[in-house]
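**Student:** Protein chains in written order, with the numbering used here: chain A, 135 to 429; chain B, 375 to 695.
In short, the hints are calculated from the structure, not lab data. Every residue, glycine too, gets a C-beta built ideally from N, C-alpha and C. Everything hinted at is true.
Just a sample of chain B residues kept apart from chain A, beta carbon distances all over 10 Å, derived:
id, residue
1, Thr390
2, Ile424
3, Leu471
To give an idea of the chain A side of the interface with chain B (calculated C-beta under 10 Å), a few residues:
id, residue
4, Pro170
5, Asp171
6, Ser250
7, Phe254
8, Ala255
9, Val265
10, Asp268
11, Arg269
12, Asn271
13, Leu273
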Amino acid sequence: MIKMLKNFRPRITSEEQKHFDQVFKTLKSRYNEDNPDPWGLDVDTCRKMIDFFYPMYRNYFKVRIFGAENVENKPYMVTANHTGQIAFDGILLTLAFSLDIDPPRILRGMVERFLSSIPFAGEFLAKGGSVLGDRQNCLWLLEREESILVFPEGVRGINKNTDNFYNLQSFGKGFFRLALKTGTDVLPVAVVGAEEAYPLVYNAKKLAGVMGLPSFPVTPTWPLMGPFGAIPLPTQIDIYIGKPYKMPSDLSPDAPDSKINEHVMLIENQIKEMIEKGLPSRRGYSFNILSSGED
Amino acid sequence: MLETSEIKNILIIGITGGLAQITAKIISKKMPGVNIIGIDVRDVGNIPPIPGLTCQKVKYSRGNFEKIFRSHDLDVVLHLGRITHANAASQNVHKRLDLSVVGTNTILDLCMKSSIKKIVILSTFHVYGAYPDNPVFIKEDAPLRASIKYPDLRDVVEMDQIATNWVWKNQNQIKGVVLRPCNIIGAQIKNTISQYLAYKYAPYPIDFNPIFQFIHEYDMAHVIYRSITEVPTGTYNVAPNEYISLKNALKKLETPGIPIPVSVVGSIAGFLKSFRRGIPEYLIDYIKFSCLIDNSELKKHLGEDFCKFKIGDALKLINLR
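Given the sequences, and given the hints that come with them, work out the whole structure.
**Tutor:** Have a look at this one:
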């Protein structure tokens, strides 16, 4: 069965392999035995993860990137909208920034505290570049010139009913204060097309409360069809990268919320505009997962 | 800042320890003419001769300490006499509390009464505790959470808190430095992590891979020595700029180890403890979760590269034990 699935899985072409080799050569020069990552990132594990998820990125979701030219060779706080019920947008953004944006970088995602205490999961996530979501960790990462991936909507961003798709939830302020403290530019990013992975969703909030979960999405296939019902539909996804938002020099990271809000709103609006611009050119579903292009 | 010329007599508490002897050698070499008085509750007969060093075996009682403080015109006290958890014989928490906490309190009290110019107290990074939500890196002002989960570590935390509060409270009268080093590795060091790494078949978790900091015993001894004259009052983490994962450290040591899921590792530690092999239970969390400390405060005084030895050099010392 596994062999059959492996054969069915789209192959990575020799050109893509060559590109991967080049990307990981660059990444190895940054993270190696002489300069290991204190959070436990392991480039070899990252490569295995990227090899594994690449067919999903290229063939299943057929990701396209717009605005790659806005990314310079410097650290960013990559700030994106959160979509799609399960957080696969984080994986797609990580692949985009390591494979399709020059210079390649591994975005450091922030994970929930409890995950680092789970056997195997904690080590696996750390090797893949994830870091415990802690203010101090964030500051250290930015000071070490790492790029961080944040979703200021939090879990509210992914747990939306169908009628709320692409409605941005209000942004938290913490990410902006950290960017301000370290003088790191915020890179606004919009992910368009991921909401359609689960086209009809009802969030059973009361049930989630009883189960002690942040949300409990119900779709036509989940939980009816069990784990298979959770497989996202092959919606085609576009990633829009906006112009970096420079940190104001006259604002203190400890400024009152009213002053911080102005800037957070501007970033929120920038992402909103990119979503609105991207929605009319969405490509819909593509069931030809052996092809990497558009249908 | 204290000048070398102002120092005539130095007291080292815990002189039978490997780190204390290396420190004494450095002081003897760098400050010839200074009298070093080494004391310990353990037998001092096996200590190799070091110019300027005289050793005494004393019981850590108030009366004995008073005698030493009265009979020597001490300028500097190096309190390196914390009881390690690695020694199975000292695993009685009451005994450790008595020696480390009450003993430290007595020493500090006597330092205040005498005209001591500087005290350097050796604590440990264990005070922060190994938790899954530890940030990388932990700063000196982080809460000391070690004894929340493991009451066995309360002597370590209490001693640190007593020392830290004391040095700040009395900063106008005496200069005091509390050092919280990461894992000290050395041929003569008998701490918990050295014992653990020295086991040929050390059980290690297959489901976790924490990052470690190791400091070479000579680097640590130099930090203690330099703290006398170069480091102002305060509490400082001591760690090199390098770090390594536990699995890579075992690989470097060419230790075969036994990969075991962490729950089983816990049971094994309990089993070994019952046979008095000296693996304390709290160490399990230190081989599960990273506890990396920030060294930037100390670097402000000792410079960017205050550690001369690489992590590989420190680990090599394990095989020399």
